[in-house]
Structures are given as C-alpha cells and as structure tokens.
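Trainee: This is what each chain is made of:
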Amino acid sequence: MSAAVMQAKLWYAQRISAMILGICVAIHLVIIFYAIRGGLTAQEILGRTQGNLTFAFFYETFVLACFVHAPIGVANILQETLPKSGIAKPASWLLAISILTLGTTAVIGVYSGGAL
Amino acid sequence: MSSRPRIDYRAKSHLSYFAYACHRFSGLLLACFLPLHFLMLSQSLRGAAGFESALGLTDIWVFKFGEWALVILLAIHLAGGVRLLMIEFGPWRGLRKGWIQVSILFAIACGLLFLYFAN
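Those protein sequences? They're chains W and C, same order as listed.
For the first sequence, the residue numbers in this note's numbering are 140 to 255.
For the second sequence, the residue numbers in this note's numbering are 63 to 181.
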C-alpha cells in the first residue's frame, strides 16, 4: 500500500471513529455529571455497571473508537513535530495497544465487579 | 525537512489557528490520560474494596483539579471535533467560526457544571 493510500485510509478511520466518539463522549459527559454528585464511590460505580450488558457494550464501543482515534492523532502530531525521530509509529502503536488492553480490562472489571 | 509548513503570525493570529491549537493540545493530553484512566478503572477487578482504595487517590486535590481540567479538555475536543466534521463532511459554509465560540462556551459550561456537581 502506498503512503498516500495509507494516509487516506487513516484519515477516514479517524473521522469515522470521531463520529462514534462524538456520541460516546456526549453520553459520557452526562454520566460524569450524574455520577460525581455526592462524590465517587466504588459501590456506586459498580452498582450501575456490574452485570449491565448495555453499559459494557457502550464502554467497549467507546474503547474501540478511542483505540482507532487517539493513536492516529498522536502519530500525526509526532510526525509533524519530530519528523526525523521515527518515534511516531512505535509511540502510536504503544498507545493503541495500551488503550485496547487496559480499556478492555477496565470494561471487564466494571462489568464483573471483580467476581470472575 | 520538516513536514509542517511554515506559518507566519498572520495565520497564527487567525481564530481558526486558535481552534486548531486547542484541538491538538486537548487531544494530546486526553490521549496521555486514557491509559491512566483505564488503569484506574481496571482496579475494579479487585472487587469493590480494592476499587474503593484505588479511587481514594482521586480525593487528593491534584487529581480533583486534573479531573476538572480533563472534563474541560474533553468538552472542547468534542465541540471542536464536531466543527471539524461539519467542515469536512457538511455543505461548505466557510470555517464555521461560530462553532469555535460555541466550543469555548460549551467547555466553560461543562467546567462550571463539574464544579457545581462535584463534592
């Protein structure tokens, strides 16, 4: 695949993930404002999410969209700021893998509540 | 050779450059925060007690301030991102500067809402 085709595909992937994230972030902001009233407690969070498939599906979709969106953006910034360093690709892959693994672990955690 | 074009002060004083800088800055900080956020939430695998002790970290004022700043960054990145999608995918109506102002107001509103609701 040529570099231009690759760039076009990454551009589309970032925009499509942005459309999904737009909806997810708006919902997330509403949940944040709802959840922080009276302080955050583990019981309260797990009470909402434990065993709730809708929340698990929503958060995993959110994680997958972040997994696509954030590393492409970071790669662009690094490539434009430090073009000779060659850091853009490894750093963005590292970010992608950590978002996917930690994000999915977090979703499993809040869904199961540690009862695995 | 740098892949970034040279931009003089006239372009940098444009409102769209401010929107671009805000979008980059907020996106970069949010990307750095994401793994830490997920790491914190994955502590729920230790059960409610383990998760509660990890959440205790968020009571420290630095983390509280960080949460507030991140909500503002998230709001500005969301509204700025919607503007970008409308420029790129919507009918061409210029640079939609009104959306830049909406983004700033939306971020301020979210910051204030956080302060209002937070303990």
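Treat the hints with care, as some may be off.
To be verified - Calculated Cβ distances over 10 angstroms to all of chain C for the following chain W residues:
#1 152
#2 172
#3 175
#4 191
#5 210
#6 225
#7 226
#8 228
#9 242
#10 249
What the hints assert, rightly or not - Distance ranges between label pairs, derived from CB positions:
#11 W/187 <-> C/175: 16 to 24 angstroms
#12 W/148 <-> C/121: 18 to 26 angstroms
#13 C/119 <-> W/229: 27 to 35 angstroms
#14 W/255 <-> C/175: 33 to 41 angstroms
#15 C/156 <-> W/190: 32 to 40 angstroms
#16 C/75 <-> W/224: 41 to 49 angstroms
Unchecked claim - Chain W is faced by these chain C residues, among others (derived, beta-carbon under 8 angstroms):
#17 83
#18 106
#19 110
#20 120
#21 144
#22 160
#23 163
#24 167
Just so you know, these hints were derived from the structure itself, not from any lab.
Idealized CB from N, CA, C, for every residue including glycine.
Trainee: Could you tell me which of the hints above the structure violates, numbers in ascending order?
Mentor: Of the numbered hints given earlier, those the structure breaks are 2, 3, 5, 9, 10, 12, 15, 16, 17, 22, 23 and 24, listed in rising order.
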